[in-house]
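Those sequence lines, one after another, are chains A, B and C. Oh and the first sequence: position 122 is 122 in this note's numbering, straight run, nothing missing. Oh and the second sequence: position 109 is 109 in this note's numbering, straight run, nothing missing. Oh and the third sequence: position 38 is 38 in this note's numbering, straight run, nothing missing.
By construction, these hints were calculated from the structure, which means they are not laboratory data. Among the hints, erroneous ones may be present.
Output of the computed footprint for chain A on chain B, the stretches with three or more beta carbons under 8 Å from beta carbons of chain A [what the hints assert, rightly or not]:
1. 2-10
2. 19-31
3. 49-58
4. 88-97
5. 102-113
Quick list of in silico lysine-lysine cross-link-like pairs, DSS-like style, CA-CA up to 27 Å [said to hold, decoys possible]:
6. C:Lys64 - A:Lys165
7. A:Lys153 - A:Lys4
8. C:Lys53 - A:Lys283
9. A:Lys159 - C:Lys29
10. C:Lys53 - C:Lys64
Glycine included, C-beta positions come from ideal geometry on N, C-alpha and C.
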Amino acid sequence: MSRKIVIPFGPQHPVLPEPIHLDLVLEDETVVDVIPSIGYIHRGLETLVAKREFTEYVYIAERTCGICSFIHGLTYCQGVEQIMDLEVPPRAHYLRTIWSEYSRLHSHLLWLGLFADAMGFENLFMNSWRLREFVLDILEETTGGRVIQGSCKIGGVRKDISNEKLASMAADLKGFEAELSDLSDVFLHDDSVKSRLVDVGKLTRTDAYDLGAMGPVARGSGVGIDLRKTGYAAYRDLRFEPVTETAGDSYARCAVRVRELFGSIDLIRQAIEKIPEGDIEVKVKGNPDGEYFSRSEQPRGELVHYLKANGSKHLVRSRIRTPTLTNIPPLVKMLQGCELADVPVIVLSIDPCIGCTER
Amino acid sequence: MKIEEQTTIVIGVEHLIGRVEQFRKGGYRLVQLNCSKIGEQFEINYCFEREYRFENIRIVIDFETEVPSISGMYWGAFVYENEMHDLYGVAVKGMNIDFQGNFIRTSVQYPFRNPSFQGEGPCQEK
Amino acid sequence: MAFFEMAKTAIRTVVSRPATLMYPARPGKKTGLSRGHVVIDPSRCISCGMCMKKCPSEAICVEKDERIWRIDRLRCVVCNSCIEVCPVKCLRMDLQYSPALLSHSGLETFLITYVKPERPKKSETGENADA
Ligand code: SF4
Ligand code: SF4
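Isolated chain A, as found in the complex (with noise of 0.2 Å):
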């Protein structure tokens, strides 16, 4: 007969770069339950609205997340903008979603190395931080920052690209793609990353979108929501289809990044072509007063900033739903049932980014 052991999991572990804490309750080497309690970075960062003037939370709702930092930013000021029924130049919506296609780009690098590290396979990991910088250096180029754009801001953007750097930055994609399909053809063909992926952490279609598993792990089990395509920013009038994959494991996580990693760089393609002349910036006149769930697909799925104002500058509730806490429930139900050894690798396949979970 077997008995049930605990075993706790994280906050420190090797394969976890933020911290979440996972109580594995354990039937010999299976996984029967799991609880997952988070709170080690707690920074409560949306109550500081209340301190911030309006235009200034921008850089606070920048910094909630250290990956997907423009998205925060442009979520943020897109609600804001809806609620002060702002009419924000288009080439402003351009160079928002160019900038937001490199974030993605970055983010699912960042962690498709970060996979690779959590299988094992080191020579793998460097090779997608190598390509990584590439991207990184174009955001560091355009906006002076790596990592915290800062780029956006409320009733446009606060840089332009010029037309030429727009030109060499398209140029450059063509190495950049030959390079990343060198890397997919690893994590979709190699034997020994898919012997550590297939079948591991299955979520069916239903308890997919039941459970609220938003943006990769939704798309990877066949629910193809994806909420550029509600048409913010520039997306709509760019052509894209989300990308689903049915099997629901861990390698249908993981080729979902893949295979967005080049639906971001035909995106940013279709919008370097696209993008108009004009002005970057409207001006912004009075305080908000109303209400708005600002809703923008991150590299890790459906993120929500619900911004309520009252007429003054500071808002009233800030409220930032990250798409982490939505695929925590998602997680639990894929661990029940696997192998300890797993864990780490079903664990990073939802993309946990825990400090913006946290807020």
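Got chain A sorted already, so can you dock chains B and C with the ligands onto it with the hints?
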């Protein structure tokens, strides 16, 4: 340009379960729950979405009012309900996984109810 | 052979130049827009306090009477907003990051040496109108 239409309906706590049940039957997915402190009351939003149609229902309650849990219908709601409880002290009744205030481990109990700030103001002394 | 998918990349990295820089020996990459640290030209600052008001992390302290402009490098998040709001553009962003510190002492104080050009005396707050 409006990105999407968002509807908000304010309902009483007693109708909450019925309404959520309707959403569940209609195939909506739970986007999020969130609590805000407006004056001396809590305002709780329940957001649902189906095929990019966003709908929101809202309850406004006093600090002591107990809220029924919706985790029976949406299993994943426990993260939001525990979060609401840990940060604001909203009493949620009947959660499927009740962490008893230990989901988000905060050093202060219910930190968002009366947030305190430290080291504020320019020209502060070190 | 699906086992050697990595071989091509691995061989290429063996024969090509390293992707990294020998960092302290060779300086890190910087671009024209890189945000390193904030520098002030104290001879032009009119101590209006705009930078102090707009700093999201409240890192700047301007004391008008003592003619002091102080920045806490550890609080500063290098967001560029003080530079954008400064009416006389006496702040600028340097490309180099501020150096690592061994103790909690990011405070740097500058004495403002700006001298208001001689004009007929107006009220105390007349500076903005003059500038
Ligand atoms: S905004 Fe410029 S001029 Fe005004 S106090 Fe700051 S540095 Fe001086
Ligand atoms: S760069 Fe930003 S954080 Fe730093 S002093 Fe200027 S306004 Fe403050």
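These are the hints, each one checked on the structure:
no.: 1; hint: 2-10; result: holds (count 5)
no.: 2; hint: 19-31; result: holds (count 3)
no.: 3; hint: 49-58; result: holds (count 3)
no.: 4; hint: 88-97; result: violated (count 1)
no.: 5; hint: 102-113; result: holds (count 7)
no.: 6; hint: C:Lys64 - A:Lys165; result: violated, 43 Å
no.: 7; hint: A:Lys153 - A:Lys4; result: violated, 53 Å
no.: 8; hint: C:Lys53 - A:Lys283; result: holds, 19 Å
no.: 9; hint: A:Lys159 - C:Lys29; result: holds, 20 Å
no.: 10; hint: C:Lys53 - C:Lys64; result: holds, 14 Å
Comparing the model with each earlier hint shows violations of hints 4, 6, 7; every other hint is respected.
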